[in-house]
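Keeping their order, the protein sequence lines are chains A and B. Everything in the first sequence is counted per full-length UniProt numbering, starting at 1 for the first residue and increasing by one. Everything in the second sequence is counted per full-length UniProt numbering, starting at 1 for the first residue and increasing by one.
These aren't lab readings, by the way, just hints derived from the structure by calculation. Please note: incorrect hints may appear among the correct ones.
A pair holds if it fits inside one copy or across any two, identical chains being indistinguishable in the list.
[Unchecked claim] Under the rule of at most 20 Å between Cα atoms (straight-line distance), these lysine to any residue pairs were calculated in the SDA-like manner:
1) K113 to H143
2) K81 to S149
3) K81 to M23
4) K113 to S19
5) K81 to E26
6) K113 to S136
7) K81 to E61
8) K113 to T72
9) K98 to V86
10) K148 to R94
11) K148 to S68
Here is how the chains run, residue by residue.
There are 2 protein chains.
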Amino acid sequence: MGCIVEADDGDDVVMEPPSNFSMVDEGIYRSSCPRPANFSFIETLNLRSIIYLCPEPYPEENMEFIRSHNITLFQFGIEGKTEPSVSTLKDAIRGALKILIDVRNHPVLIHCKRGKHRTGSLVGCLRKLQNWCLSSVYEEYQHFAGIKSRPTDMRFIETFDVVCLRQCLHSLIFQYQGYGSKKRRLLYKEENVQKSRIASV
Amino acid sequence: MGCIVEADDGDDVVMEPPSNFSMVDEGIYRSSCPRPANFSFIETLNLRSIIYLCPEPYPEENMEFIRSHNITLFQFGIEGKTEPSVSTLKDAIRGALKILIDVRNHPVLIHCKRGKHRTGSLVGCLRKLQNWCLSSVYEEYQHFAGIKSRPTDMRFIETFDVVCLRQCLHSLIFQYQGYGSKKRRLLYKEENVQKSRIASV
């Protein structure tokens with residue numbers, strides 16, 4: 001492999017990121033399902049949570065890893081082989097998005113099995129929430145899905161209603177940070193939570 | 001395009017990232033050469049600097065943009081059409097890496113023309129510096145270069161000597177942050193600069 005690089009501290013850890021790994025935004029990562037060989041790399045991300053998009057139980061080795069690293073698992077089961085109904089998919093993606101943009105869960109890793117379709121759909125919807133134009137959202141989706149790109153995923157992303165979700169989130173506990181600089185990052189604001197708690201009593 | 005999403009502040013800015021845009025690591029981005037249509041998106045990154053890897057003069061519109069946003073341009077001219085000699089390429093990549101990992105220059109955007117070969121080679125060498133195994137480095141390179149992947153770039157990345165560069169940087173002004181957590185991020189440390197300044201007198 002030719003991939004042994006000597007570390008300065010005498011600790012020769014070669015980092016093997018999971019395939020389809022990438023940084024999505026500050027505190028947000030995406031990948032395929034990490035295997036044990038990837039754990040030493042995953043450790044460097046100092047994750048607080050994982051969003052897992054498959055309906056299958058979380059693999060035992062991964063479960064041990066997250067337990068020992070105090071990582072919270074959020075599971076939103078989306079079928080990978082048979083096509084889920086649009087409304088099931090919508091509910092799962094909406095739920096996952098709420099966890100994803102809550103900075104209290106960061107750093108967070110999103111993964112399904114191969115990091116292509118389910119992960120790509122969630123990231124696509126996040127990009128819409130960040131006001132990316134659709135052609136850029138598609139380009140990113142296709143980067144990761146490659147020749148396996150699915151028109152159904154792309155249609156789902158296109159029709160996913162972020163305006164409604166944004167208003168909903170906005171009125172609850174989130175607020176855009178840095179309006180002035182046009183930064184679209186979502187930031188948790190304590191006072192708003194208080195308000196919504198009072199409102200929901 | 002179906003990409004108009006109403007922003008909450010009544011400011012309907014649709015973000016159009018440059019093609020091949022991605023976040024490489026905290027404070028480090030990559031893309032193709034930004035066009036004016038991409039400027040409102042680029043603004044959201046709050047860049048401090050740009051690493052430009054082409055020998056051609058920086059496009060006039062881009063120059064105006066970076067001037068008005070107080071962004072520093074670091075140019076390392078690498079030929080795109082004819083193959084540069086390995087030693088020329090090495091010098092350029094080494095120089096660019098030194099700028100790239102200096103957090104005083106972050107947030108930084110790396111770009112060439114299409115964000116495939118020159119940008120991909122620089123990011124590939126950065127990944128080696130971060131101890132990524134070669135197969136993961138190649139996977140990332142190929143994500144962006146696609147069918148245009150060049151074996152010469154991949155050979156260059158494989159043979160690029162990061163051990164020497166790491167020691168050189170390490171002895172100057174940089175130091176790995178978070179050894180304990182195995183985090184490979186490079187951090188600028190003021191006291192080391194002082195030492196190196198004294199040492200070089």
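Item checked: In rising order, the numbers of the hints this structure does not comply with -> As far as the earlier hints go, 3, 5, 7, 10 and 11 are violated by this structure, in ascending order.
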